[in-house]
Structures are given as structure tokens and as C-alpha cells.
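With the hints as extra help, turn the sequences into a complete structure.
Numbering (the numbering used here), first residue to last: 82 to 148.
Worth flagging that the hints you see were computed from the coordinates, not collected in a lab. Mixed in with the good hints, there may be bad ones.
Said to hold, decoys possible - Quick list of simulated restraints, FRET-style, between CB atoms:
| id | residue 1 | residue 2 | range |
| --- | --- | --- | --- |
| 1 | A83 | H139 | 15 to 21 angstroms |
| 2 | D93 | F131 | 29 to 35 angstroms |
| 3 | R130 | G94 | 29 to 35 angstroms |
| 4 | Q115 | Q91 | 16 to 22 angstroms |
| 5 | H139 | M82 | 15 to 21 angstroms |
| 6 | N119 | G94 | 23 to 29 angstroms |
| 7 | E129 | G94 | 25 to 31 angstroms |
| 8 | H139 | D105 | 25 to 31 angstroms |
| 9 | R116 | M82 | 15 to 21 angstroms |
| 10 | E100 | E129 | 25 to 31 angstroms |
Beta carbons are placed, not taken as given, at the ideal position from N, Cα and C, and that holds for glycine.
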Amino acid sequence: MAHYRAYAVQFDGNFDGYELLNCDDDAEAIGEAQRLANNSAIELWSGERFVARMESVHYQPNLRSYR
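This is the structure:
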């Protein structure tokens, strides 16, 4: 069993807390992290190793054009 941290990422790129995950492998950890990506992006880490980033399922970028 491996230990992971799923960090919530704010819109400005800063971390806003994390949840500890204990999973058998990266694939299971990615699946668990995807369910957390509702209101913010999630970066998944295993120690110092970056595993994956999941974008928020509710985030809609502002596409207004400035002239």
C-alpha cells in the first residue's frame, strides 16, 4: 500500500490543503483523486514524486475577450 497526498489547487496555483490517500498503486490513487476534483484542481503526489493533475470538473475559465 502506497501513501499519496491529493492537494487542492486554487485558481492562483497555490495549494489549499490536502487529503491523505492510501492506495495499492498510481491507478487507484488517480481514481480516488478524480472524485475530489469537483470544485478545484487536484495535484496527486507520492512523497516527492508528482503523479498526476486533475482539473476541476466545475471550473469554467473566463473566456471574455478584452479589447
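Hints, one by one, checked against the model:
Checked against the hint of 15 to 21 angstroms, the pair A83 and H139 fails, with Cβ atoms roughly 28 angstroms apart. A C-beta distance of roughly 19 angstroms is found between D93 and F131, which places it outside the suggested range of 29 to 35 angstroms. Distance hint for R130 and G94: a CB-CB separation of about 20 angstroms, inconsistent with the stated range 29 to 35 angstroms. Between Q115 and Q91 the beta carbon distance is about 19 angstroms. The supplied range of 16 to 22 angstroms therefore holds.
For the hinted restraint 15 to 21 angstroms between H139 and M82, the CB-CB distance of approximately 31 angstroms leaves it violated. At roughly 19 angstroms, the beta carbons of N119 and G94 sit outside the given window of 23 to 29 angstroms. Between E129 and G94 the beta carbons are some 19 angstroms apart, a value that contradicts the proposed interval 25 to 31 angstroms. Taking the beta carbon of each, H139 and D105 are about 29 angstroms apart, inside 25 to 31 angstroms as hinted.
The hinted range of 15 to 21 angstroms is satisfied by R116 and M82, whose Cβ atoms lie roughly 19 angstroms apart. With their beta carbons about 18 angstroms apart, E100 and E129 fall outside the hinted range of 25 to 31 angstroms.
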